[in-house]
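Participant: So the chains spell out like this:
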Amino acid sequence: MSESARKKQRVSPRISGDATDHSSTLYNDLHRLASIAPKPVTPFRRAASAGITPRSATIRTPGTARTPRGGPATRPLPARRAAPTTPHAIRALRERANAARTPGHVRRRSGRVQRETPRDLLRNLSRVLARNTQPIEPTPKAQQRNRHSALDLPDIEDDEPTAPRLSMPLDDMYDDDSFNEEPPRPSLLAPLPDYDYDNGTVQSVEFGRRARSEDPRLDRLFGRRISEQFGDLHDLTINGEEYELDGNFINRRGTLLPNELLEQVEEEFEEGNTEAEIRALTGRARASDTGDLGVFGEVEGEEEEPTFRFEIRPRIEKPGEDEESGEEEEHGDGEVDDNTPGELEETMLEDDDEQPALNLVYDNDDTAPVLASDNENGPLEIAGWESEPENLDDEDLAAYRGEVSAIDRSLQTPAPETPAKRRAGRQRRALNISRFGHEYPSFPAATVKMLANGFVKGQGSKSKISKDTLEALVQTSDFFFEQVGEDLAAYAGHAGRKMIEESDVIALLKRTRQVTDSSTYFFLAQKLLPRELLQQLRMQPLPKLKRQKRKRMEAIPEEDGDDE
Amino acid sequence: MPQTLYPRGTVKKIVKAHANRPLSKNADILIFLKYALFMQEVLKEAGIASKRSGERGVSARSVRKVREGCLRKFKG
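Residue numbers (numbering that gives the first Met the number 0), protein chains in the order written: chain W, 0 to 563; chain Y, 0 to 75.
It is worth saying that the hints were derived from the structure and are not from the lab.
Treat the hints with caution; some may be incorrect.
[Claimed, not checked] Below, in silico cross-link-like pairs of lysine-lysine (DSS-like), each with a Cα-Cα straight-line distance of 27 Å or less:
1) K463/W to K50/Y
2) K50/Y to K461/W
3) K463/W to K24/Y
4) K509/W to K43/Y
5) K12/Y to K509/W
6) K72/Y to K509/W
7) K497/W to K74/Y
8) K526/W to K24/Y
9) K12/Y to K50/Y
[Stated by the list, open to error] Label pairs and their computed distance ranges (CB to CB):
10) T515/W to R71/Y: 14 to 22 Å
11) E54/Y to E438/W: 33 to 41 Å
12) D516/W to E54/Y: 35 to 43 Å
13) N131/W to R71/Y: 18 to 26 Å
14) R71/Y to S517/W: 22 to 30 Å
[What the hints assert, rightly or not] Away from chain Y, derived, C-beta distances all over 10 Å, residues of chain W:
15) A99
16) P134
17) R434
18) V447
19) S460
20) S476
21) G492
22) K497
No experiment lies behind these values; they were computed from the predicted model shown.
All C-beta atoms in this analysis are idealised placements derived from N, C-alpha and C, irrespective of residue type, glycine included.
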């Protein structure tokens, strides 16, 4: 009842307003149509149903008919009485029955639907259309009529001829300057396609991607991004042999120390309960986490599928064996770029790629310590990588490899330990070499031991840390510092600084959620660092801290803007 | 808890070598702080792993098993 009254009030003023405006839109038309259409009969029906139903005696007002018991329940009854004959009636009956079963808020909706009349439909339609439609304005005609006809005519005539012709000058240009166009084309464009052909069967798309992989800095910084890995993967698989530039990376990959260490871990995993999946995972983790492997990570990414990786394992080990003996000698020589007596041409290529850039430095310095490990793992990886085509060729080789791989596991299990021990001994003296060619000492075991013992005690276990554990921890901390160094370099570079500052480290801590708004790094430092260090932290950077806070405040809205 | 200073020069050298950039004065302290957090995490996880596999204390194997995840966790 009340609804209909409201509708009336709404509609009537609008109509009157529209009439005065002389504007006709869909919205207005529909409104008028709605006003003409018969108004909703709902109150009528309710009254009728209420009167008819036996329960109506208890219901005094039509308003109570909406209550859960009375309202919907009463509606189906008259329909039943009418004994539905047509499909429409039957469907309506069902709907009403459903409405009676539905819970409160839903029921209301269903009731509204039942009450819909053509007028409501038209109103809804008009509401939807009202947003888009605007009253049609015949005003321009009216204005023109108001003006003097004499004034209007000349204007129209003037407008038509003024439209410029764009085609005229262009045609002339091409005809006249034909000699200018042709000469530049051959000179500029010819070399590019030639270069492409030289590169082989690669499509033009590969060209752009390869450029990324060729830039070592990019790889270092972003090599771990998946998106780039895709691009570079293709390049490596297809063109790896062809490009010397790619070869540089291959060198790095082969010679990296962490690789060896990682390999050990993998083998240990094999020994243990770990399954193939774990190995695949660790492989991934290595590729991504130990960032030093610019291209190596990408290559690994290719092999990320577990099945792929399983196959590769055995391959890696056997060719590695074959070549180990030969390659050890080569490595021992230090710079053996061209000397490699290649039984397999592919391996030849790999060797060449390995050694020219990095190995020169690397091998010379590290030959003694790294010899064993380098020969094991460097060639292993590469052989596995490139040996895929070989496998396709030789069945015998495959069988041979399968056998060797089984043997190798037994052989290699002791192998990793011995080089590890050697390394541990040497690392204290000898220096490792970072990807930038800088020498650096491995983290002192004494400090690691001290820290670790402290933490173990904190956990409540009495046992101290064993030698093997300490070794593993030292390796781990080496990895960690490598990773941290790369991250910090990236942050500093992003900020346009050459120097790594405290803010970079804080950013790193923040990104790993170790420093949050609620817990400052002072809190952490107090927990973890000795007093001397804490004092130094507190004494000096205090003024800087304030600046940093301001910076943070400024930085936050920027980030939000970027995100949005 | 460590009672003595860690070798600051070494940490600086290591990070410098990896980053190819110089470090500001006190950045290495924070780096060492991060490292301490990392070691804590590694040892905690390794302790859990070794307990799960029924070993006593923290074994090298459990450390190796765990460190991948920890490194990833601490990657910025």
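Participant: Indicate, hint by hint, whether the structure satisfies it.
Facilitator: The hints, checked one at a time:
Proximity of K463/W to K50/Y is assessed by CA-CA distance (about 15 Å); at most 27 Å being required, the pair is judged to hold. Proposed proximity of K50/Y and K461/W is supported: the alpha carbons are some 14 Å apart, at most 27 Å. Restraint check for K463/W and K24/Y: the C-alpha separation of about 34 Å exceeds 27 Å, so the hint is violated. Taken as a hint, the K509/W and K43/Y pair is honoured in the structure, with Cα atoms around 21 Å apart against an allowance of 27 Å.
Restraint check for K12/Y and K509/W: the C-alpha separation of about 24 Å stays at or below 27 Å, so the hint holds. For the suggested pair K72/Y and K509/W, the alpha carbons sit about 12 Å apart, so the restraint of at most 27 Å is met. With a C-alpha separation of about 21 Å, the suggested pairing of K497/W with K74/Y holds against the 27 Å cut-off. For the suggested pair K526/W and K24/Y, the alpha carbons sit about 22 Å apart, so the restraint of at most 27 Å is met.
Taking the CA atoms of K12/Y and K50/Y, the gap is near 36 Å; set against the 27 Å cutoff, the hint is violated. The hint said 14 to 22 Å for the Cβ distance between T515/W and R71/Y, and at roughly 20 Å that hint holds. For the pair E54/Y and E438/W, the supplied restraint of 33 to 41 Å holds, since their beta-carbon distance comes to about 36 Å. A C-beta distance of roughly 39 Å is found between D516/W and E54/Y, which places it inside the suggested range of 35 to 43 Å.
Distance hint check: the CB atoms of N131/W and R71/Y are about 53 Å apart, inconsistent with the given range 18 to 26 Å. Hint check: R71/Y to S517/W, Cβ distance near 24 Å, so the stated range 22 to 30 Å holds. The Cβ of A99/W lies farther than 10 Å from every Cβ of chain Y, with a closest approach of about 57 Å, so its non-interface assignment holds. Against chain Y, the non-interface label of P134/W holds: every CB pair exceeds 10 Å, the least being about 60 Å.
Its beta-carbon lying about 8 Å from the closest one in chain Y, R434/W breaks the requirement of being farther than 10 Å from that chain. Distance to chain Y contradicts V447/W as a non-interface residue, since its nearest Cβ pair spans about 7 Å, not more than 10 Å. The Cβ of S460/W sits about 6 Å from the closest Cβ of chain Y, inside the 10 Å cut-off, so the non-interface label is violated. With a least CB separation of 7 Å from chain Y, S476/W falls inside the 10 Å interface cut-off, contrary to its annotation.
Separation of G492/W from chain Y is inadequate, the least Cβ-Cβ distance of about 8 Å not exceeding the 10 Å criterion. Not every CB of chain Y lies more than 10 Å from the CB of K497/W, the least distance being 6 Å, so the non-interface label is violated.
Hints 3, 9, 13, 17, 18, 19, 20, 21 and 22 from the earlier list are contradicted by this structure; the remaining hints agree with it.
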